[in-house]
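Residue-level listing of the chains:
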Amino acid sequence: MSEQGAAPVGLSPELEALVTRLVDERVQGRLQDIESTLAALKGDSTACANCPEDRATLVVFSGEMDTLFAALTIAVGAASMGMQVSIFFTFWGLTALRKSKTYEGKSTAQKMVAMMLPDGPAKVPTSRMNMGGLGPPFFKYLMQQRNVESLPNMVALAQELGVRYVACEMSMGVMGVTREELLDGIDYGGVAVYLADAARSKITLFV
Amino acid sequence: MSEQGAAPVGLSPELEALVTRLVDERVQGRLQDIESTLAALKGDSTACANCPEDRATLVVFSGEMDTLFAALTIAVGAASMGMQVSIFFTFWGLTALRKSKTYEGKSTAQKMVAMMLPDGPAKVPTSRMNMGGLGPPFFKYLMQQRNVESLPNMVALAQELGVRYVACEMSMGVMGVTREELLDGIDYGGVAVYLADAARSKITLFV
Amino acid sequence: MSEQGAAPVGLSPELEALVTRLVDERVQGRLQDIESTLAALKGDSTACANCPEDRATLVVFSGEMDTLFAALTIAVGAASMGMQVSIFFTFWGLTALRKSKTYEGKSTAQKMVAMMLPDGPAKVPTSRMNMGGLGPPFFKYLMQQRNVESLPNMVALAQELGVRYVACEMSMGVMGVTREELLDGIDYGGVAVYLADAARSKITLFV
Chain R
482 MSEQGAAPVG LSPELEALVT RLVDERVQGR LQDIESTLAA LKGDSTACAN
532 CPEDRATLVV FSGEMDTLFA ALTIAVGAAS MGMQVSIFFT FWGLTALRKS
582 KTYEGKSTAQ KMVAMMLPDG PAKVPTSRMN MGGLGPPFFK YLMQQRNVES
632 LPNMVALAQE LGVRYVACEM SMGVMGVTRE ELLDGIDYGG VAVYLADAAR
682 SKITLFV
Chain C
482 MSEQGAAPVG LSPELEALVT RLVDERVQGR LQDIESTLAA LKGDSTACAN
532 CPEDRATLVV FSGEMDTLFA ALTIAVGAAS MGMQVSIFFT FWGLTALRKS
582 KTYEGKSTAQ KMVAMMLPDG PAKVPTSRMN MGGLGPPFFK YLMQQRNVES
632 LPNMVALAQE LGVRYVACEM SMGVMGVTRE ELLDGIDYGG VAVYLADAAR
682 SKITLFV
Chain H
482 MSEQGAAPVG LSPELEALVT RLVDERVQGR LQDIESTLAA LKGDSTACAN
532 CPEDRATLVV FSGEMDTLFA ALTIAVGAAS MGMQVSIFFT FWGLTALRKS
582 KTYEGKSTAQ KMVAMMLPDG PAKVPTSRMN MGGLGPPFFK YLMQQRNVES
632 LPNMVALAQE LGVRYVACEM SMGVMGVTRE ELLDGIDYGG VAVYLADAAR
682 SKITLFV
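Read top to bottom, the protein sequences are chains R, C and H. Take 482 as the starting number for the first sequence in this note's numbering and just add one per residue. Take 482 as the starting number for the second sequence in this note's numbering and just add one per residue. Take 482 as the starting number for the third sequence in this note's numbering and just add one per residue.
Just chain R, same shape as in the assembly (with noise of 0.2 Å):
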């Protein structure tokens, strides 16, 4: 302004005073939200109504060990990844959350079921080359020999690292299978549970 010399010098420091109050009443109040809410859309993703979430939901049906050591691996490498991770195990795929079994209270078409089920994921078959039994603990073997996981220790290892297990209670109900005979710190729903989490997840699986 000063360098301009046209106008008088001594109303630049008045001037300068009510342009700035004018233009700060009349625009900085809208720029500071619009910069909020910019702030919020880029940084938020429920911004976007339908944007999913940084998280994983995998429904595990079948039971074998080689299918549940493939889910267990996604999850467990979904949650170091830092994703959130539910499991909803539903039919066969419940044995990985057996820790027990129990024919107590059971009708006799459930006590079949439990007898006939595998008494929890150390003991489940393969879904090929199970070879009437010895194909587990070939498999077992082979793992072994790479330093790989076995599966109960994925199981505990999914749980630790936070991922959200979820019993299907409508499997139980059908099977007979009761709180007492599976992990302890899991949930229990039905398929409405399941769609929430899965409703909000980058990655859903039927295993």
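If you are wondering where the hints come from, they were derived from the structure by calculation, not from laboratory data. All values derive from a computational prediction rather than experimental measurement. Treat the hints with care, since some could be wrong.
Identical chains share a label here; the pair holds if one copy fits it or two copies do between them.
To be verified - Result set (BS3-like, lysine-lysine): computed pairs, CA atoms no more than 25 Å apart in a straight line:
1) LYS592 <-> LYS621
2) LYS582 <-> LYS621
3) LYS621 <-> LYS587
4) LYS582 <-> LYS592
Put chains C and H on the given structure of chain R with help from the hints.
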């Protein structure tokens, strides 16, 4: 301004008018554009080109009682929660849509496939504990005890809830399945139809 | 300004220059920042941190003719529609990438696995109706009748279309599969490689 005293009071109203006009000319238009763009970005999920819709899309490849039941439970649950649900039935999964079986107009090989495949969802085997055909009635009994819907009822229920059924035309061609053998009110298509729905979905599963 | 008449005309040009400069100093820089941020948010889907890209990522765990065929049909379809497609081949799925089989340098247990697994995608069983090995030629015949590509052709076609193949290094280690036995031009990695692709994908499947 008037409190500051130093500026010639006579100038103030004209100065204020001048500054206001200049600020408005130079800033307000752009602010309004920005604010309306922001409002659109916040309110409209489609502003984010790759954001999924409230939609779930399943490939149902397996054709066993338990896998079909799991897939339909998820579909019915999602549709009940207001999601748009599509199921693309392919390979063994086509059995879920079968209402009858014909041998007419089929090649010898296609007749063999028809003979070996189940008549429909009421006749499918289980993926484990099939026990030479004893598994399905055994599980039907267990499900009835718990008031769980039968598989044929789930197929009908999902369709009533607006779940879109798409039969894979390539699988139909290879296996010799005709439209007359499948349910009414379903769509027919190939992988492109599946992908169009899946690419817009929060939840994508292969069962 | 000149129309209003009340302000001293001689002051106007200098006043306008002053006000313009002050407004520009205090506002225009921030407006430009906001506008470029907004443009990036609107035009670029990655601006939304968790928004998926136009991408599909599959885990292929199963190694049967029908499951592999379904997975590759989806991959070829998605690549044809311009999507980026990755397939992570693990466990039995590794067979799809096998071009030869060697026994050299393998432990006895790994030789047993090699012996029991198919030589490659042309030799895989079907998941149902395998009929002691009669299933695969039967389905190949049915597919030829309908001019459907064979499984080895689908494996080659997907690779030509730019589908990324990743062989699971942990599975290779456990089963004793070497890089020499697998196709050229593929990547090798663990679950972290899979998750990096999957977390950016619209479609995630476990086959």
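Each hint, compared with the structure:
1. LYS592 <-> LYS621: between (29 Å within a copy, 16 Å between copies)
2. LYS582 <-> LYS621: both (23 Å within a copy, 23 Å between copies)
3. LYS621 <-> LYS587: Close across copies (17 Å), not inside one copy (33 Å); limit 25 Å.
4. LYS582 <-> LYS592: Within one copy only: 10 Å inside a chain, 37 Å across chains, cut-off 25 Å.
The structure is consistent with each of the numbered hints, conforming to all of them.
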